[in-house]
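A.B. asks: Chains as they are written, first to last, in the working numbering: chain H, 1 to 381; chain G, 1 to 299.
I should point out that these hints are in silico values taken from the structure, not numbers from a laboratory.
C-beta atoms are modelled at their ideal positions from N, C-alpha and C, and glycine is treated no differently.
One should not assume that every hint holds.
[What the hints assert, rightly or not] Each pair of labels, with its calculated beta carbon distance range:
id, chain 1, residue 1, chain 2, residue 2, range
1, H, Pro-7, G, Ile-298, 26 to 32 Å
2, G, Asp-162, H, Asn-23, 39 to 45 Å
3, H, Ile-359, G, Pro-58, 54 to 60 Å
4, H, Asp-219, G, Ala-206, 44 to 50 Å
5, G, Arg-253, H, Thr-225, 52 to 58 Å
6, G, Ile-298, H, Asp-219, 56 to 62 Å
7, H, Ala-305, G, Ile-262, 36 to 42 Å
8, G, Ile-262, H, Asn-131, 41 to 47 Å
9, G, Arg-253, H, Leu-301, 32 to 38 Å
10, H, Glu-21, G, Gly-65, 43 to 49 Å
11, G, Leu-299, H, Arg-182, 47 to 53 Å
[Stated by the list, open to error] Cut-off 25 Å, straight-line C-alpha distance, at most; resulting in silico cross-link-like pairs (SDA-like, lysine to any residue):
id, chain 1, residue 1, chain 2, residue 2
12, G, Lys-192, H, Lys-115
13, G, Lys-192, H, Pro-379
14, G, Lys-195, H, Glu-365
15, G, Lys-192, H, Gly-308
16, H, Lys-115, H, Glu-230
17, G, Lys-195, H, Arg-374
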Amino acid sequence: MDLSFTPAEEAFRADCRAWLEANVPRPPLPSGDTREGFTAHLAWERKLFDVRYAVVSWPREYGGRDASLWEWLIFEEEYYRAGAPQRVTQNGIFLLAPTIFTFGTDEQKRRILPKMAAGEQTWCQGWSEPNAGSDLAGIQSKAVRDDAQGGWRLSGQKTWTTRGAFCTHLFGLFRSDPGAERHRGLTYFLVDLTTPGVTVRGVERLDGDEGFAEVFLDDVFVADTDVLGEPNQGWSVAMATTGSERGLTLRSPGRFLATAQRLIDLARDRGGEDARRDAIVAAYIDAEAYRWQTFWTVTRLVEGASTGPESSMVKVFWSELDVQLHELALELLGPHAELLDGPDAAWMKGYEFALAGPIYAGTNEIQRNVIAERVLGLPRA
Amino acid sequence: MRFAFTDDQIAFRDAVRDLLEGQCTPAHVRAAWTNETGRVPGLWNQLVAMGVVGMLVPATEGGLGLTMVDLVLILEETGRYAVPEPIVETAAFGAPLLGRPDLTIAAAPALVPWADTADILMTNAGRSERADVELLARPSIDGARRVFEIRGAAEPITEGLDQAYARGVCGIAAQLCGLSARMLELTADYVKERKQFGVPVGSFQAVKHHLADARIALEFARPLVYRSAATLEPVDASMGLAKAADTALLTARVALQCHGAIGYTTEYDLHLYMKRAWALARAWGDARAHRNRVANAIL
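With the hints as constraints, model all of the structure from the sequences given.
C.D. replies: Put into C-alpha cells, the structure is as follows:
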C-alpha cells in the first residue's frame with residue numbers, strides 16, 4: 001500500500017493548480033444550462049482544449065495528453081478546488097466518448113473525438129422517452145432501414161435531454177428490429193441535430209433554466225457511418241456508457257471534496273449548534289470516504305480489473321451525498337437560503353442540481369435493486 | 001499511489017480465515033458465552049503461533065515486525081467470526097506499545113473486556129499488572145465479552161499512546177466492518193431461502209433496499225479504515241471508526257428486521273454478531289464522539 005503520489009504526479013498537480021488559478025473566470029460564468037451561459041462555457045471549454053486540459057486522459061491524437069487515471073483524478077480535484085465552471089461538454093466527453101473508444105470505428109474516432117474535445121460539436125444524450133425512463137428497454141422510437149441511401153430513417157420522441165436545446169448532436173437508442181424482444185433490436189445512433197426532420201423544443205427545468213429539451217424526429221436520415229457498434233446491439237453498447245455515468249467518470253471525488261470544503265468554510269463562518277456540526281462532519285467524512293473508495297477502485301482498474309455492479313453503489317452514494325451537503329448548507333443559511341442573489345445563492349442552485357442526481361442515470365431505487373440482485377445475489381421479483 | 005493489499009497480506013488474511021472457519025464457529029462463540037473465561041479455549045495460542053498476536057512487535061523482540069496494514073485485514077476477519085479474544089487490544093494496541101509479543105493485554109478506555117485472563121491491563125488511567133488491581137465483573141449484553149471495572153493504581157502511559165490509540169481505533173473499526181459483512185451474509189442467505197406469499201422474501205423491493213443500504217455503507221467504510229491503517233493519523237482513525245460504527249449499527253438493525261422473528265431469538269446465530277456490534281460500536285468511543293474529534297481538527 002502506497003498512499004503517496006509520485007513527484008511527476010505532484011508536479012502535474014502544481015501545474016494544474018497554477019493554470020487554473022490564473023485562468024478560472026471571475027466572476028463565475030452564468031449557468032451553462034442557459035443559452036448565453038452555454039456560449040460562454042464553450043469559450044471556456046476551448047481554452048481548456050488549447051492547453052490540453054479538456055480531456056486529459058484521452059490520447060494526444062484526439063486532443064488529450066495521455067494522462068493516467070491518477071492524473072485524471074488529480075486534475076479533477078484541482079478543477080473543482082479552483083471553483084472552475086461546470087463542464088457543458090460532459091455528456092459527450094464522459095458518456096459518449098468512452099463508448100466510441102470501445103465500439104467506434106477508426107473513422108468515427110478521427111471524425112468525432114477532436115471536435116468533441118474542442119467543444120465544436122456538443123453532444124446530448126437521447127435515451128429517455130415519454131414512456132421509457134427507468135424502464136429504458138421500453139424505447140419506442142424507431143429506426144427503419146433505408147438500403148437505397150445506405151442508412152436508417154429515425155422517427156419518434158426523446159425527452160429530458162440535458163442541454164438538448166443548445167447541443168449540435170445527439171447520441172441515442174432507437175428500435176431497429178420491432179420483432180425482437182425488449183433489450184434486443186435496439187441500435188445506437190449518432191444524430192446531427194441540424195438534419196432535416198429534427199425539431200428541438202427547450203423545456204424549463206426545476207431551477208428555471210432551459211436545461212432540458214424534447215427532441216422530435218420525423219423520418220430523419222442517418223447514414224450507416226453514424227451507427228455506433230453493430231445494428232441491433234445498441235443495448236450492450238449503451239450499457240458500457242451507463243457504467244461510466246454511474247461510476248467515477250461523471251462524478252469525480254474532487255467535486256464533492258470541494259463542496260464539502262465549501263460547506264466547512266460556511267460552517268466556520270456562520271457557526272451553529274453542535275447537532276448541525278455533527279451532521280456537517282458526517283458529510284465531510286462521506287466525501288473523504290468517496291475519495292478513498294475511488295482510489296481503491298482506480299487501483300484495481302489500473303491493475304487490470306473491471307468495474308461491475310459496484311458502480312450502482314457509487315451512484316447512490318455520491319448522489320445522496322451531494323443532496324446532503326447542500327441541505328446542510330441551506331440549513332446554515334437559514335432564512336437567507338431562499339435568496340436568488342448574493343454570494344450564497346449558489347447553494348440553492350446547487351441544491352436544485354443535486355436533487356436531479358438520485359433521479360438521472362437510473363433512479364436510486366433501480367440502483368438499489370441492482371445492488372441487491374447483482375452484488376448480494378437476491379432473487380429478481 | 002497503490003491503495004490495495006499485497007498478495008502476501010491477502011494470503012495471511014486467508015490463512016487466519018481458514019483457522020477461524022474451523023476454530024471460531026458460531027458454536028465456539030456460543031460456548032464462550034457460558035464458559036469460565038468468555039474466550040475460546042486454545043484459540044489464543046493458535047493466533048500466537050501464527051504470529052498474529054505479535055505481528056507489530058519488532059522481529060528483534062520476537063514479533064513479526066509487520067505493520068498495521070498487514071494486521072488490519074486480519075482484524076477484520078476476527079470481527080467476521082466475532083472472535084472473543086483481546087486481539088485488537090493486544091496485537092494492535094498493547095503489544096507494539098510495550099514491545100512484547102508474549103503478553104496478553106486487555107485494554108479499553110473504560111470497561112475492559114477479558115481483563116481477568118490478561119497479564120497487563122490498560123485504560124485511560126494507565127497500565128496495571130492484573131495481580132495488582134481489583135477487578136469488578138460487570139455483565140455485558142454480549143455474553144462472550146467479560147468486561148470489568150478496574151480498581152487500583154495505574155501507571156500513566158507516557159510514550160506512543162497517540163499512535164497506539166489510532167491503531168486500537170482502527171482495529172475496532174476493522175472488526176466492525178467484519179461484523180457488518182457477516183451480518184449481511186447471514187441475512188442475504190436467509191432472505192433467499194425464506195418464502196412468504198409463495199416467493200423468497202428477498203425478492204421484495206423493501207427488503208432489497210434495506211440490504212442495499214447496508215451494503216453501500218460497508219463499501220464506503222472499508223476504504224476509510226484501510227486508509228487509517230496506513231497513515232495511523234488519529235483523525236483518519238476517527239473517520240474510519242465513525243463510518244464503521246454507523247455501518248455496523250445500521251447493518252444490525254437491517255439484519256434483524258429482514259430476518260423477522262427468527263432473528264429475535266437466541267437460538268439463531270445473528271444475535272452473536274449483532275450484540276458484539278452493539279458493544280464495539282461504543283467501546284472505544286461511538287461514531288459521534290469520533291466525529292467530534294474530526295470536527296476539532298477541521299472545523
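A.B. asks: Decide if the proposed pair is consistent with the structure: H/Lys-115 and H/Glu-230, CA atoms, cutoff 25 Å inclusive.
C.D. replies: Holds, at about 23 Å.
A.B. asks: A range of 43 to 49 Å was offered for this pair. Does it hold for the Cβ distance of H/Glu-21 and G/Gly-65?
C.D. replies: Check passed, 45 Å falls within 43 to 49 Å.
A.B. asks: Is 47 to 53 Å a correct range for the gap between the Cβ atoms of G/Leu-299 and H/Arg-182?
C.D. replies: Holds, at about 51 Å.
A.B. asks: Hinted pair, alpha-carbon criterion (25 Å max): G/Lys-195, H/Glu-365. Please report holds or violated.
C.D. replies: holds, 23 Å
A.B. asks: Look at the Cβ atoms of G/Asp-162 and H/Asn-23 and judge whether their distance stays inside 39 to 45 Å.
C.D. replies: Hint holds: Cβ distance 42 Å, inside 39 to 45 Å.
A.B. asks: Cβ-Cβ distance between H/Asp-219 and G/Ala-206: within 44 to 50 Å?
C.D. replies: holds, 46 Å
A.B. asks: Holds or violated: G/Lys-192 and H/Lys-115, Cα atoms, limit 25 Å.
C.D. replies: Given pair G/Lys-192, H/Lys-115 is violated - Cα atoms ~50 Å apart, limit 25 Å.
A.B. asks: Measuring from beta carbon to beta carbon, are H/Ile-359 and G/Pro-58 in 54 to 60 Å?
C.D. replies: Holds, since H/Ile-359 and G/Pro-58 (Cβ atoms, about 55 Å apart) stay within the stated range.
A.B. asks: Against the 25 Å threshold, does the CA-CA distance of G/Lys-192 and H/Pro-379 hold or violate the hint?
C.D. replies: Distance of about 7 Å is within 25 Å: holds.
A.B. asks: Checking one constraint from the list: CA of G/Lys-195 to CA of H/Arg-374, max 25 Å. Satisfied?
C.D. replies: Given that 25 Å is the threshold and the Cα spacing comes to 20 Å, the pair holds.
A.B. asks: Determine whether the Cβ-Cβ distance between H/Ala-305 and G/Ile-262 falls within the hinted range of 36 to 42 Å.
C.D. replies: holds, 37 Å
A.B. asks: Taking 26 to 32 Å as the stated bounds, is the beta-carbon spacing between H/Pro-7 and G/Ile-298 within them?
C.D. replies: holds, 28 Å
Comparing the model with each numbered hint stated earlier shows that hint 12 is the single one that does not hold.
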